[in-house]
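J.: When you get a sec, could you build the whole thing from the sequences and use the hints?
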Amino acid sequence: MWYFYSPQAIVFGRDALEHLESLEAGKVLIVTDSNLEKLGMVEVVAKHIEKTGAAIQVYDGVEPEPSIRIAEEGAKMAVEFQPDLIVALGGGSCIDSAKAIWVLYERPDLKLEEVNPFMKLNLRKKAKLVAIPTTSGTGSEVTWAMVITDEKRKVKMEIASREIIPDIAIVDPNLTRTLPPRLTAETAMDALTHAIEAYTVQWKNDFSDGLALKAIQLIMENVKKAYQNGEDMEAREKLHNAATIAGLAFSNSQIGAVHALAHSFGAVFKVPHATCVSIFLPYLMEYNLPAASKHYAEIADYLGIEAETQEEKAKALIERIKRLEEELEIPKSISELGISHEQLNEKLDEIIAKAYESIGTTVNPREPTAENYRKILQHAYKGEKIDF
Amino acid sequence: MSEAFLFPSDEWVKEFCRRLNENKAYEEAAKEWEGDFLFIVTPDGGLDREYVFYVDLWHGKCRKAELIKSREEKKTAYIFEGPYSNWKKLIQGQLDPIIAIMTRKFKLTGDMPKVVRSAKAAKELVLTASKVPTQFK
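Chains as they are written, first to last, in the working numbering: chain W, 1 to 388; chain B, 1 to 137.
These aren't lab readings, by the way, just hints derived from the structure by calculation.
Built from N, CA and C at the ideal position, the CB exists for glycine as well.
Honestly, I wouldn't trust all of these hints.
Stated by the list, open to error - Restraint-style ranges between C-beta atoms, simulated for each label pair:
1. B:64 with W:326: 19 to 29 Å
2. B:94 with W:350: 56 to 66 Å
3. W:1 with B:21: 28 to 38 Å
4. W:182 with B:63: 31 to 41 Å
5. W:310 with B:58: 54 to 64 Å
6. B:21 with W:57: 51 to 61 Å
7. W:76 with B:93: 40 to 50 Å
8. B:58 with W:152: 43 to 53 Å
As the list claims (entries may be wrong) - Below are the DSS-like pairs computed for lysine-lysine, each with C-alpha atoms no more than 25 Å apart in a straight line:
9. W:322 with W:154
10. B:131 with W:152
11. W:154 with B:114
12. B:69 with W:347
13. W:322 with W:224
14. W:120 with B:114
15. B:74 with B:31
T.: Written out as C-alpha cells, the structure is:
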C-alpha cells in the first residue's frame, strides 16, 4: 500500500497567475524575499489578489537556505495579521519558509523539529496555502516536504508531513523570465536530480516513474536553450513545468543520496542547495551504477541515447549529464567552490553523520556506508571518476 | 541447514540481538542511538495472544533482549506495535519499516523526530530480523 499526493490543483502555463483573481480570501499573507519585492514580482502578484478585495500583508524576510528563526519571525506576523490564505512566492526557500510559517501559525504549540510524517497536524483550520514558484527547480510547490536549517545544529532538517502540501500550485513561466543563467542552470539540475532520484530510489513506483521520465526529458531538451537565451519562453515554460512534474515524482517516491549529501554538505559549508546537487549528481550516479544501471538504461532509452548493452546505456546517460553540466558551466568539483582539502577533511565526519540522518541515504539504490560517503566526497573534491 | 527459531519466542529475540551485535552497518547507523523498545506482536492470523519483546538498544549495540510477560512489565522510550501478519511480512522482507509506519501497518510511539533521523538504523534492524532463520507459529 502506498499513496499519491498532489495539490488540489496545479494551474500552469503563461498567465496562470490570473488564477489568483478567483481565490476567495479575506486576508492574504504573501511570503517572499526582499529581492523579489525589488524586482516588482510581489507587486504583480498583489495586483491580481487585490482584485478579489482581500487585504494583503507581505513578509519579505526570507533568506536563502531559510532557518527556524525566519519561520518564527514570519509566523509572528501571521499570528498578528490572521490571514486565511498564505501565498508563497519565490524559489524553494520562500515556499519552504511559507510552509514552516503556516505550520507555526496553525500550530503554535509545536516546534518545527517535532513535525514528522507520522503525526496529525490538523492544518487548514486557519489558512490555506498557495505556492507560486519563481525558479524552475525545487518542486516545493507540489511536495509535502520542507527543508529548514537548524542554525544551532548546522543541520538542514528534512521536515515532512502530508498536510503541508500546498492547496494550489501556480506554475507561471513568466515569473522565470528574468532568472539569471547561473540560477537557471543550477535549479534545473536540482529538478533533474529530483527526477533521476525519483526514478531510481528504492521507493520508486508506477505513479512516480512516468512523471520522472517526462521531467527528465523536458529538462534535458530545454535547459541549455533557457540557459543560453533567457527570453526563450517556450524553453522556460517547459523547464518550469518539468520542475513541478519532478516535484510530484520525488514527493511520491523519495530523494536519494545526492540530496542526502547535498543537504549535509550545504549546511556545513553554507553552499546553495542547487550548487551542491549539481556537483554531486554525476558522482552519485557513478556510485549507484552497480544497483541502478537498469533504471539508468531505461532513462537513456527514453531520451533516445543509443548504446548496445544496459551497462553501456547507463554509462552513456551519465556521460550525457556530465557533458550537459559542462555546457552549463557548472562546477565539476568541490575544490572549485573555494573549499580547501583541509577544510573538507576537517568536516568529513560531520557531513557524513548528517547525511545519515537523511531518508535519502536509506532509500538510495545503493546504500552508502560511511566509508563510501567518505570516498565519494574525496573523489568529488578532486573531480575524479567514482570507480568503487 | 541452520536451526530455525520460532517467532515469536524468547529464543528468536535473543538470536536477533546476537545477530544485531554482529551487524557492522547497524552499529554504524545507530552509533548515536539511545533508547529501549517494546516490540509488540498483536494477535491475528493464527496467533492467539499478544507477545511482547523487550529490546534495549544503545549506541549501535543490543544490550538486552527478552520475551516479557506483558506490555505493562516495562516502561520503554519506544513502542513498536503491529499485528502478527505484518510482523511476518516485515521479517520476510516484504515490508519497508518506514513505509510500514507511514501506512499504519505498524504503530510507533516515542520521540518520532529522532526515529525519522534514524531511518537507516531502522532499516538495518529489520534487515537483521529478516536474516534470523525463522519458523512462524
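J.: Per the hint of 56 to 66 Å, is the separation of the Cβ atoms of residue 94 (chain B) and residue 350 (chain W) within bounds?
T.: Distance hint for residue 94 (chain B), residue 350 (chain W) is violated at roughly 36 Å.
J.: Hey, residue 322 (chain W) versus residue 224 (chain W), does the alpha-carbon distance stay inside 25 Å?
T.: Holds, at about 13 Å.
J.: Residue 154 (chain W) and residue 114 (chain B): Cα distance at most 25 Å?
T.: holds (16 Å)
J.: Starting from residue 322 (chain W), check that the Cα of residue 154 (chain W) is at most 25 Å away, please.
T.: violated (30 Å)
J.: For residue 1 (chain W) and residue 21 (chain B), compare the CB-CB distance with the range 28 to 38 Å and indicate the outcome.
T.: This hint holds: roughly 33 Å between Cβ atoms.
J.: Taking 43 to 53 Å as the stated bounds, is the beta-carbon spacing between residue 58 (chain B) and residue 152 (chain W) within them?
T.: Between residue 58 (chain B) and residue 152 (chain W), where Cβ atoms are some 25 Å apart, the hint is violated.
J.: Does residue 31 (chain B) lie within 25 Å of residue 74 (chain B) when you go C-alpha to C-alpha?
T.: holds (24 Å)
J.: Between residue 21 (chain B) and residue 57 (chain W), does the beta-carbon spacing fit 51 to 61 Å?
T.: Between residue 21 (chain B) and residue 57 (chain W), where Cβ atoms are some 57 Å apart, the hint holds.
J.: Okay, residue 310 (chain W) versus residue 58 (chain B) on CB: inside 54 to 64 Å?
T.: violated (44 Å)
J.: For the range 31 to 41 Å, tell me whether the beta carbons of residue 182 (chain W) and residue 63 (chain B) fit it or not.
T.: violated (52 Å)
J.: Between residue 64 (chain B) and residue 326 (chain W), does the C-beta distance stay in 19 to 29 Å?
T.: Taking Cβ atoms as reference, residue 64 (chain B) and residue 326 (chain W) lie about 56 Å apart, which means the hint is violated.
J.: Measure nothing beyond the straight line between the CA atoms of residue 69 (chain B) and residue 347 (chain W); if it is 25 Å or shorter, mark the hint as holding.
T.: With a Cα-Cα distance of about 47 Å, the restraint between residue 69 (chain B) and residue 347 (chain W) is violated, given a limit of 25 Å.
Checked against the numbered hints above, the structure breaks hints 1, 2, 4, 5, 8, 9, 10 and 12 and satisfies the rest.
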